[in-house]
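Residue numbers (the numbering used here), protein chains in the order written: chain F, 11 to 412; chain D, -13 to 194; chain U, 21 to 225.
No lab work stands behind these hints, which were simulated from the structure alone.
Note that this is a predicted model, so its numbers are computed, not measured.
Careful, some of the hints might be misleading.
Here are the simulated DSSO-like cross-link-like pairs (lysine-lysine), alpha carbons at most 30 Å apart as the crow flies [unchecked claim]: (1) F:79 with F:136; (2) U:103 with F:117; (3) F:245 with D:78; (4) D:47 with U:103; (5) D:75 with F:247; (6) D:51 with U:48; (7) U:74 with F:120; (8) U:103 with D:193; (9) F:247 with F:305; (10) F:69 with F:79; (11) F:187 with U:48; (12) D:75 with F:245; (13) U:176 with F:247; (14) F:78 with F:120; (15) F:120 with F:136; (16) F:69 with F:136; (17) U:103 with F:245; (18) F:184 with D:193.
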Amino acid sequence: MRYKNLNRLLILTFFFFFLILPLGQILAQEDTLPPAPPTEVRASDTQNDNGHSITITWKLSGDDGAGKKDVVAYEILRSESPAGEFVVRGMVPAGNNTYQDRGAKEKEDKNYFHPYHDFYYKVRAKTLNSYSESGVAGPAQAYGQWFHLGKLPVFVGTLAFTIMVLAFISLARKGKKFYVRPLAGIDAVDDAIGRATEMGRPILYILGLGSAADIATIASFTILNRIAKKTAEHKTKIIVPCNDPIVMSVAQETVKAGYLDAGRPDMYQEENIFYITSMQFAYVAAVNGIMLREKTATNFYLGKFYAESLILAETGSVAGSIQISGTDEIAQIPFFVAATDYTLIGEELYAASAYLGREPLLLGALKAQDLAKAIVMISLASGAVAASFHLDFFLRLFTVQM
Amino acid sequence: MRRQLPILIVFVSGVFMVIQYFIPHESFEFIYEYAMDWIIIIGIFAMLLGLWSLTRASVSKVQAKAPGWGFSVMTLVGLATMLFLGFYKGNKSIAEGTFFMDLFWYIYTPIQATMFSLLAFYIASAAYRSFRVRTVLATILLVTALIIMLRLIPLGPISGVNQWLASWILTVPNMAAKRAIWIGVGLGATATALKIIFGIERAYMGKD
Amino acid sequence: METIGIWIAALLTLGIFSFLYKDNPFYKFCESLFVGISAGYWFVTTFWQVFMPKLADNLVAGRLYYIIGGVFGVLMLLRLFPKIGWLSRWSLALVVGTTAGLYFTRYLVSNGMIQVQNTIIPLYVKGNLSQTIGNLVIVIGTFSGLIYFFFSKEHKGAFGGLAKLGIWFLMLSFGASFGYTVMSRMSLLIGRMDFLLGTWLGLIR
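Isolated chain F, as found in the complex (with noise of 0.2 Å):
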C-alpha cells in the first residue's frame, strides 16, 4: 500500500518537472516575446480644433486582434527631438488606431499645449507582460483652425435663414401685407384684460424663471409691452413680481413703454413690477399668495418654467382666474394644458408677440419662420422617402460634426 502510494508520487513528480514545467516555461516565454508593432504611425494637427492638440493615428500591431491576439493597449508616446526622451502621453485599449493628444491652451496651465512648435510621437504596443514600440512620426505641429468645416451645414442653414427673415422684413417695410391664421390664445387675450376692466381686479404677469438672456423671456417681454399697453387703456392694475433682478429691470422698463404707448405715462407704477427672490419655490410660495390676496383676475404665464408651472396655474385656476400660458420648456406644457384655459405651445409663445402686435416687421419674420418650416418639412418627406431607398443626402445636409 504504501509502496503504491510512493510510486504515484514519484510519478506525479516526474511529470511536474520534466513535463509542466518546461512547458509552462515556454508559454510564459511566449508571453515575454514582444507583439508585433503599430505601423505607419503619423502625427498632424488635429482638425477643426483650438490649436492646442496633434492627432496620432497608426495601423495596429499585427498581434492586435489577429496573430496572437496578446496586444491589449496602446501607449502613446512624445518628445521634442526624434532622439529625446520620450514621455507617456496617453493610453487607448487594443483596437483603437487613434489618439487625440490635448492640452490647455491657458499658458499659466501646467498642462499647456505648445502651438507651432515640433513634436514627434512613438506607439507602443503593450501585452500584458511585454511591447514594442514604432518607429518615430514627425515633427507635427498643432495650430488652430479658423473656421469649422463639420460646421459647415450649420452656416449655410445660418446664412439661408438669416437671409429668410431679412427679406420679409424688407418685404414688410415695403408694405406687403401678410395673412396669419387666428391663434386661440391670442384671441383670448383682449378678453381676459377686459374680464379683470369689469371686475375691477388686477392682471398678474409672471415672466418665469428664465434669466433677462433667455430667448422665451425676451419674447415674453415683447407680449408684456401689449397686454401693459392694454391695461393701461383699460385702466387696469398690473402685476408683475419677478424672480430675476434683471428681469425685474426690463420688466419695468418695458411695462412703462406699455404706458407710453397707450398715452398713460401718468398711471405707470414701478412699485408694482418688483423683485421677490431668485430661489424656485420660495418665489412660488409668494405668488401663490398674491393671487389669493390680491383676487388677481387674469393671469398670465409667459416664458421659461419649470417644476413650478402647476402650483401656479392649479391655485390660480382653484382662485377662478382666467389664465393663459405659454411656454418652450416641453416638460411643462402638459401641466400648463392641463391647468391653464389657453396655452401658447412651444413655437406659438415667440409667435405671440407678433400676432398681438400686428407690428409688420414681427409679422415678416413670422413669415420667414413659415418658409423655414415648410422647407423642413420638404426636407422631411423626401429625406424619409429616399432613405428608404439607402439614399443619404438629405440626411447629409443636416448633419453637424461638433
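Since chain F is already given, all that's left is putting chains D and U on it; use the hints.
Same frame as chain F, but now just chains D and U:
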C-alpha cells in the same frame, strides 16, 4: 446715445457670438470665455437691485401699515439675519455647521421640499379637471397618462400589453410630437434671436 | 440644536401644507419667512461662491480684462439713480446681445438640425414590420405636428385635417409626460410624510 448705442452693442456682441461658433481658434475662445464671465458678473451686481426692490417693498408696506404688514417684518427679519450671518465671519460664515447653514437646513430646506411636494396634490386635481372637460383632446391626454402611469406604479406594469404599449407610446408617437415642438421652438427662438440682434425686437429696451 | 431644528422644520412643513385648505396666517408666516431667508441665502452664497472667484480673485491675479465686466456691472446698478439710469441699458445690451448670439446657433443646431437629422429615417425597413410602422408613425407625427405650428394658412380642409392629426400627437405626448411625472411627484409627498411621521414623530421607521 441712449437708444442707438445699446442697439449697436446688441448687434456687435450678437454677431460676434454667432461668428465665434464657427471659429475654433483659441483667440475667439478666449473672448468668448471673458464675455460669458462678464455676463455672470453683471448678474451678480444686479443682485443688489433685487435686494433693494425686496427691501423697499417690504419697508413701505410696514411704514404704510398695509394689511399683513407684520408678515413683511418677517421677510425683513429673515433677510437681515441671513445677510448678517453670511458675512460676519468673512468667507467662513457659510461653512457647514454654522448658524447660517442651520437656518438653511431647518428652515429653507423643509419649506422648499414641502412646496415641491404640493405638486402631488396639484397633479391629481389637474388630472381630475381634465377628466371633467370631456373633449377628444382631453381624453387622449388622460388615457395616455393613465397607460403610462399603470406602467410605472409600484404594482405595475399591470400586463405585458401595458408594458409594450407604454414603451411604444414613449418612443414612437411621443417622440414624433416632441420633435415637432422642438423644431418649432428652434425656428421661433432663432427668428427671435435674429430680431433681437438686428434691433427689430427691442421692446425689452424700454422707451424714454 | 437638532431637536429644535426638527421641530421647527416640522411646524413649517405643516404651515405650507395648510395652504391646501386655504390661505391662512400660518402659511403667510412661513411664506414671508421663506422669502426673506431664501433671498438672503441666495445673495450670500452667490457672493462667496461666484462673485469672489469670478471677479475679486481674477482681479487680484492681475487679469485686468475682468475690470470690463465690473464696469458693466456697476452701470447696471445705475438704474437706482433715475437721471443716469439709462446707462444700465449698456449692460443689458451686452447681456442680451451676447446670449441672443449664443442661443441662435444653439437652438438652430440642437432644436433644428439634429431633430431633422434624427427624423430622416427609412419609411420601409425590410423584414421588420414593427420598425416600419414605428418609423412611419414618427415621420407622420413630426410632419403633422409641424403643420399644426404653421401660421400662414388657416386650419381648413385637408390641411386642417393634418393639423388636427398633429394636435392629437401633441396631446398624446403631453399625456405621456403627465403620466410619467405623477409617480415622481408622489414620491416627493411620500418623502415629506416620511419626515413628519418618521423623523419628527417617530411613528414609522
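### Message
Between the alpha carbons of residue 75 of chain D and residue 247 of chain F, is the straight-line distance 30 Å or under?
### Response
violated (44 Å)
### Query
Are residue 184 of chain F and residue 193 of chain D close enough, with their CA atoms no more than 30 Å apart?
holds (25 Å)
### Hinted pair residue 74 of chain U and residue 120 of chain F, Cα distance within 30 Å
Within the cut-off at roughly 21 Å; holds.
### Query
Going straight from one Cα to the other, do residue 187 of chain F and residue 48 of chain U come out at no more than 30 Å?
violated (52 Å)
### Message
Against the 30 Å threshold, does the CA-CA distance of residue 245 of chain F and residue 78 of chain D hold or violate the hint?
### Response
violated (51 Å)
### Query
Has the given pair, residue 69 of chain F with residue 136 of chain F, been kept, meaning a C-alpha gap of at most 30 Å?
holds (14 Å)
### Distance restraint between residue 47 of chain D and residue 103 of chain U, which requires alpha-carbon spacing of 30 Å or less
holds (26 Å)
### Query
Is it true that the CA of residue 103 of chain U sits at most 30 Å from the CA of residue 245 of chain F?
Holds, because 27 Å separates the two Cα atoms, which is no more than 30 Å.
### Query
Is residue 69 of chain F within 30 Å of residue 79 of chain F, Cα to Cα?
Cα-Cα ~15 Å, so holds.
### Query
Holds or violated: are the alpha carbons of residue 78 of chain F and residue 120 of chain F at most 30 Å from each other?
violated (40 Å)
### Query
Between residue 51 of chain D and residue 48 of chain U, is the straight-line Cα distance small enough, at 30 Å or below?
holds (16 Å)
### Query
Is it true that the CA of residue 103 of chain U sits at most 30 Å from the CA of residue 117 of chain F?
violated (45 Å)
Of the numbered hints stated above, those contradicted by the structure are hints 2, 3, 5, 11, 12, 13, 14, listed in ascending order.
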